[in-house]
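**Q** Sequence:
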Amino acid sequence: MTRPLAASRAAPPSTKAATGATATAAQPGGWEGYGAAFLGILVFSLTLPMSRIAVMELDPFLVGLGRALAAAVPAGLLLWITRSRLPRREERLGIVLAALGVVIGWPVASTLAMQTVPAAHGAVFNGLLPLSTAAFAAWGSGERPPGRFWLWALAGAALVAVFALREGGGAPQSGDLWLLVAVVLGGMGYAEGARVSRTLGGWRTICWALVISAPFVAGPVLWMAAHAPAAPSPVTWMALTYLSFGSMFLGFFFWYRGLAHGGIARVGQVQLLQPFLTVVAAGLLFGETVTWTTLFFAVAVIGILAAGRRAAARRP
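Sequential numbering from 1 applies to the sequence shown in the UniProt record's numbering.
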């Protein structure tokens, strides 16, 4: 009788330990998720300035699609060397949507915008990417933000609209329309890629998105490259290299890993730093004139969306 009683008394601590371990494992990725996402944002923050350099000499479609084709080469090699599994049926749609959003849609639309507006201007628009990502997370990942989140989101959108109209002399510029398209497609690609990354892994998700896009972009890229008026300068080659292997490839390793570990809505708060980082980079590294008005709107958009993020989604 003594041993069963002792065993029964010893059981609760064991059960409690197991319960604690389960609770710990169920929590989002914590600082690991935030740290990985921040590294991704550091890489992404130079994308618009680098795109602005590249379109000074090259067609924006060649820049936007060419970087995807170049990044598909190391992506395919990495999948082959690691003998990565094929995406499962339930993962394939998410990979296709991620490819349409971040491999083709956002790069092309944002590069077209950089023909007519400065990178710092585009950075303010990019302040809406967290909102767009949260909206697609609600649609595809089951996250349901409360009503007050959408009120803050609309306030942020209104602020960006005021900025665009002010910069355009009372009328939207063509670059603003392309930036709006980029924000919508980028949010879709971020949310869908993060959803798939939960089961496939962050680096495999972007690698498969690049590989499945390659057959569709190879023809147009090769044709445009053959008809380019002149060979790019060394500075343009530098920008293209960064866009291909930084913005289009390595940055997503960190970004998708962070979102998958910590949750799309939660870790997505790190994205609020990107407009500020881009504005600073455009001024310090690329010689753009950054006005106090641009800085004011960038900080205001970040503040509004940060308030909205505090009311953001519960995990599904």
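Treat the hints loosely; a few may be bogus.
Here are the simulated distance ranges between beta carbons [claimed, not checked]:
(1) THR116 with LEU284: 21 to 29 Å
(2) GLY303 with MET56: 40 to 48 Å
(3) VAL73 with ARG166: 24 to 32 Å
(4) GLN115 with MET238: 44 to 52 Å
(5) LEU86 with ALA161: 38 to 46 Å
(6) LEU284 with TRP80: 36 to 44 Å
(7) LEU284 with VAL73: 43 to 51 Å
(8) PRO215 with ARG88: 44 to 52 Å
(9) ARG83 with GLY303: 29 to 37 Å
(10) GLY147 with THR241: 41 to 49 Å
(11) ALA225 with LEU86: 42 to 50 Å
(12) TRP150 with GLY219: 18 to 26 Å
(13) LEU284 with LEU86: 42 to 50 Å
Don't read these hints as lab results, they were simulated from the structure.
Positions of the beta carbon are idealized from the N, C-alpha and C atoms, including for glycine.
**Q** The structure should be examined with respect to each hint, and the outcome stated for every one.
**A** Outcome of the hint check:
Between THR116 and LEU284, the C-beta spacing of about 23 Å keeps the proposed range 21 to 29 Å intact. A C-beta distance of roughly 33 Å is found between GLY303 and MET56, which places it outside the suggested range of 40 to 48 Å. A beta carbon spacing of about 43 Å between VAL73 and ARG166 contradicts the range 24 to 32 Å that was offered as a hint. At about 19 Å, the beta-carbon gap between GLN115 and MET238 misses the expected band of 44 to 52 Å.
Take LEU86 and ALA161: their Cβ atoms lie about 43 Å apart, and the range 38 to 46 Å holds. One distance hint, 36 to 44 Å for the beta-carbon pair LEU284 and TRP80, holds here, with the actual separation near 40 Å. Here the CB-CB span from LEU284 to VAL73 is close to 32 Å, at odds with the stated 43 to 51 Å. The hint said 44 to 52 Å for the Cβ distance between PRO215 and ARG88, and at roughly 21 Å that hint is violated.
For ARG83 paired with GLY303, a C-beta distance near 47 Å fails the hint of 29 to 37 Å. For GLY147 paired with THR241, a C-beta distance near 45 Å keeps the hint of 41 to 49 Å intact. At about 31 Å, the CB distance of ALA225 to LEU86 disagrees with the hint of 42 to 50 Å. Restraint check, TRP150 to GLY219: a C-beta distance of roughly 41 Å breaks the suggested window 18 to 26 Å.
The hinted range of 42 to 50 Å is satisfied by LEU284 and LEU86, whose Cβ atoms lie roughly 44 Å apart.
In this structure, the earlier hints numbered 2, 3, 4, 7, 8, 9, 11 and 12 are contradicted, and the remaining ones agree with it.
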